[in-house]
Amino acid sequence: MGLRLLATAGVISCWTLGAQTPAANDSPFAGSNGCRPCHPAQALQFFRNPHFKTTVAKGATPENMGCEACHGAGKKHIAAGGGRATIPNAFSLMQPNQVLDACLRCHSKDVNRANIRRSSHTQANVVCTSCHSIHRSDSAKSLLAAKQADVCYGCHSDVRAQFSQPFKHRVNEGFMTCSDCHNPHGANSGVSKTGHRPRMVETGLQNEQPCMKCHTDKRGPFLFEHAAVRVDGCESCHSPHGSTNARLLKRPVVFTVCLECHNGSGSFGRQADGIPTQSASHNMADPRYRNCTTCHVRVHGSNADRRFLR
Amino acid sequence: MRVLLIVLANVAAHAQPVVAPTPQTAGSPRGDNAGAYNITNSWEVGYRFRDVDGNNGKYRSDVNFGNGVRLLGGTLGVTSRDGKGKWMDELLLDVRGLGNDPYQFSSFRVQKNALYRYDLLWRSNEYFNPALPIAGGDHFLSTNRQMQDHDLTLLPQSKLKFRVGYSRNTQGGPGLWTGQWFDGRGDEYSYFANIRRNQDEYRLGGDLQIGRLKLSISRGWELFKDDTNFNRDTLTPGANTTDRNTLSFLRRDEPLHGKTPYWRAHLLAELSKQFTIHGRFTHSDGQRDFIYDEFARGTDRLGAGRNRQTLLTGAGRRPVTTGHATLTWIPNAKVTVTNQTGYHQTRMEGDGKYSEINNGSAGIAIAQFQFLGIRNVSNTSEASWQPVKQAGVFGSYHYAERRIRSNEQEDFEIPRGTVPIEQINRNKAGIFGARLNPVAPLRILFSAEVGRNDRPFYPTSDKNYEAYTARASWRQKKFDLSTDFKSFNNANSTSLYVHSSTGRTWGATTGFTPRANVRIDAGYNYLHLDTLTGLAYFADFELVESNRSYYVSNLHTLHAGVQAQVRKNVDLYAGFVRTQDRGDGRSAAPGTQSIFTAAQVFPVSYASPLARVSFQVRANLRANFGWQYYDYAEKFARAQNYAAHTGYVSLSYSF
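So the sequences go chain by chain: A and B.
Using this note's numbering, you'd call the opening residue of the first sequence number 4 and step up by one each time.
Using this note's numbering, you'd call the opening residue of the second sequence number 961 and step up by one each time.
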C-alpha cells in the first residue's frame, strides 16, 4: 500500500497544482504542492475542480490559493506528519456554522446566497458540505455530491413521494431541477404572500412565483386578473410537485377547486364581500356544468372578459 | 477509486429515475491527456422502445417516451491541466435525450480562468394533454416548449465583472380550446388553437467589490408575444346535443404583445466579522397590449341565425417594486441573529374598449377598467443559538401587513361599477426549533410554526395554522436511515362556512452498502390530506348551502432499488416504485347526486418497476439494456388505465 502511494505520488509529482507563489519561510502557508504527496487522490483530480483556478490567479495571496484557501495554513500540518487536529479547517471536524464561514469567505458575494444565514437549511444545520462535495463531486459545475434531485430527496422524502405520482413536473426525467423553483441557499421573505410559507422559493422575473419563469403566458398583466393567483399564488389551486390531476390541480376534478372558494361566504375576495357564487343558470346536478374551465377558459386572467370566458 | 465510483453511482440510484440513460459512463473517469488538456467523454446512443396497452393519451400525459433512435446521454469535458489554456481552460458539455425524447436538455460551459465564462442551458419538452375526462374542462394540447439560457460573464474572478445574458422561451403546437356561444345560456364548442408564444429576455449587469462592499446591478428587458389564433370552420355539435344552438364558423385573432423592463440591485456590506448588511431592490414595469378580434356565426338557443363580431383593444400594466434589507449579527460562534424587512408593491391595472356587432347591427360598447394593488410589508427576526456542539435551538418571529386595494369598472349606457375596496391582512407567525447531534451519525431536528392571519383573502387561505416538522437521520458509510414527519393544520372559518385542512406526512428511507459493490435502497412514505370546505352552488335552480366539500387522500409510496457490480464489468440495477392513493378505503364511486355529500376520493395506483444491465465490453465501450414498466390503474373508472412497457438498448462509447 505504501509503495502504491509512493508510486502514485511520484506520477503526480509531474503535475503542477498551479503557479504557486513561494511562501516566505516564516509564513504558516506551505503551498498546495506540499499537500500532494499525502493526498494524491485529491491532487490528481484537482485540476478539474472549480477551485483549481485559485492556484493560478494572478496576485493571489497564499491564504486565497489552492488547498490552503479552504483548509487554512498547512505548514504545521505537514511538519506534524499529518493528522486532522493540525489542519486549521478540517471540514469533517468543523461545526456547521464554521463550515458556512469558511465557504462564505469567498462565496458571499453571490447574491443568491444573501439569505443563507437565515435560511431554513442553515437553521437545520444543513450547510455547504451537506450537499456539496468538494473533492468527490458528481457535478463539475456546482460540485454537488450527487445529482441535484437525489441530494434534495435525501432529506425531503415526502417531496420524492409527491414526484412519484402519475403527473408531475419532470424533475426525475432530468428536464427540470429543484433549483429551477427553489433557492436552497435561502429566499427573501414576504414577497406577496404574508407568511413564512412556502420557504426557499425563488422569485421570477417580476418578483412573482417561479412558475412564471416557464409558464410565460400566465404572467400577464391582464386587464382582468384572477386575484387569487396574484395574492396568494399558483398553489392556491395547484400542487406543483405532483398530482393525480393532469393540470397538477389540488383536487382530482376542477369544479371542487373552484367551488371551495366561490361560495360567497364571509368577507373574502377582492371586493371583500365574499367570492362570487356561480349564477343560478349553473346546474351542478348536471355533469356538464362541472367542467368549469370548458367555459371559463382564461382562468389565470383575461383581457376580454371579467369572468374569464374568453 | 473504484470504491469511490461505486459509491457515487449508488447515490445516483437513490432516486429512481427513468430507465435511460445509463448512469455508468464509458471510458476512464481520469480521461486522456491531449497536449495541455485532459479530455473525458462518454456518448450513449441507443434505441428506445415502448408498447402501450390501454389509454395511450394518458400514457403520453404521464410518461410520453416513444420509439426511436436517440442520443440518450453524453458528456464531454476538456480541462486544461495547468489552468493556463490559450483560449479556454474548461469546456463541459452534457446532453440528454437528443433525437426525439420528450425531455431533452443540453448544458454547455466554456471558460477561461479570470477572463470569461459562458454558460448555455437548452431544454425541450414535448407536452401532451389528451383532455382527460377526470379533469373536466381540460383542453387537448400537444405542444413543444423550448427554453434556452445564455450567460456570459467577463472577468469572472475579478472585483469588477460584467454579465450579459439572453433567454428564450417558446411554446408552439396544436390545441383544442373550448368556449360558449352566443350568450351565457348557450352551448359549448371546441375549436382549434394554433399556439404560438415566445418570450425573449435580454439582460446586462455588473458586479463590483470595493473592500467589504459588494454591489451587483442588473438591467433586463423581457419581450413577450402570443400570436395564437383560433378557428373553426366545420359544423360540429356542441356539448349539449339537444338544444338548437349551433356554431358554424369561428375566427379569432387575439395577439398579445408586451414587455417587462426591470432593474435589480443588490448591496452586501460586510462591515465586520460580526455584522453584515444586505440590501436588495428591484423594480419592473410590465405591460401587455392586446387586440381581440372575433367573428362567430351560427344559431342561438332559440334557433335564430346569429353572427357576431367582437373587437377589443387595450392594455394591462403591472409595475412591481420590492425592497429587502437584511441585518445579520454574529456576536460569537454560538449565536446568529438576523432581521429582514421586506417591502413588496404590485399595481395591476388595465383598460379596454369592447365593442360588439350582432347580425350586422350595432351591439354594445363597453369601456372597462380594473385595478388591483397589493402592498406587503414584512419583518422577520430570527435567532439561532448553539450552546454546545450536540444541541442547538432556533426561533423566529414574523410579522407582515398586506394591503389590498381593488376597483373594477364597466360602463354601458348607464355607468356601473364597484366601489373601491381596501382590506388589510396581518400575519403573525412564530417558529421554534431544536437540532440535536448527540453522536456523530445521528441528527435530529424538530421545528414548529404557529401562524395567524386576521383577514385571509379566500376561504381556503391559511388563517389559523400550525406546522410541525421532525427529522431524524443516522448516516454512516455503509448504512443510513432517515425518517421524517410533517404535519400541517389550517382552520379558516367565518360565521357561515368553515374550511379546515389537515395534512400529515411521514416517511422513512434507508440505504445499505453491505459490500463495496452492492447498494440497497428502500423507502416508504405516507401522505395524508383531508380538507373540509363550505359550499354554495345551484342545482336545478335552487341554491344549495348545506353541503360541504370533503376531500380525502391517503397516498402511500414505496420504493426499493438494488445496485450491484459483478466481476468488475457488469452493473446491474433493479428498482421498484409504487404509489397508491387509497382514498377513504371505499370500493365504489359515489352516485353523481352525492358528489358533494360524500367524501371526494380518487383511488389510484401507479407502479413502475425497472431493471437495467450495463456490460463493460472494453475500457471505452459499454453495452446497456433496460426495461421499465408503467402500470396506471384507477379504481372507480378504467377508461384511462394503461400498462406500458418501455425500454432501450444502447452502446456507450468513449473516444
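Accuracy of the hints is not assured; some may be wrong.
[Said to hold, decoys possible] Cross-link-like lysine-lysine pairs, in silico, DSSO-like; alpha carbons within 27 Å at most:
1) K1119/B with K253/A
2) K61/A with K1072/B
3) K79/A with K1219/B
4) K1388/B with K112/A
5) K1219/B with K216/A
6) K112/A with K1121/B
7) K1388/B with K144/A
8) K1121/B with K253/A
9) K1446/B with K112/A
[Stated by the list, open to error] Distance ranges between label pairs, derived from CB positions:
10) A275/A with G1239/B: 28 to 38 Å
11) D113/A with A1351/B: 43 to 53 Å
12) K1388/B with T89/A: 46 to 56 Å
13) S284/A with G1265/B: 19 to 29 Å
14) S1453/B with D113/A: 14 to 24 Å
Calculated from the structure, these hints are not laboratory results.
Predicted model, so just to flag it, every value in this text is computed and none were measured.
Where a beta carbon is used, it is the ideal one built from N, C-alpha and C, also for glycine.
### Query
Which numbered conditions among the earlier hints are violated in the structure presented, ordered from lowest to highest?
1, 3, 4, 7, 8, 9, 11, 14
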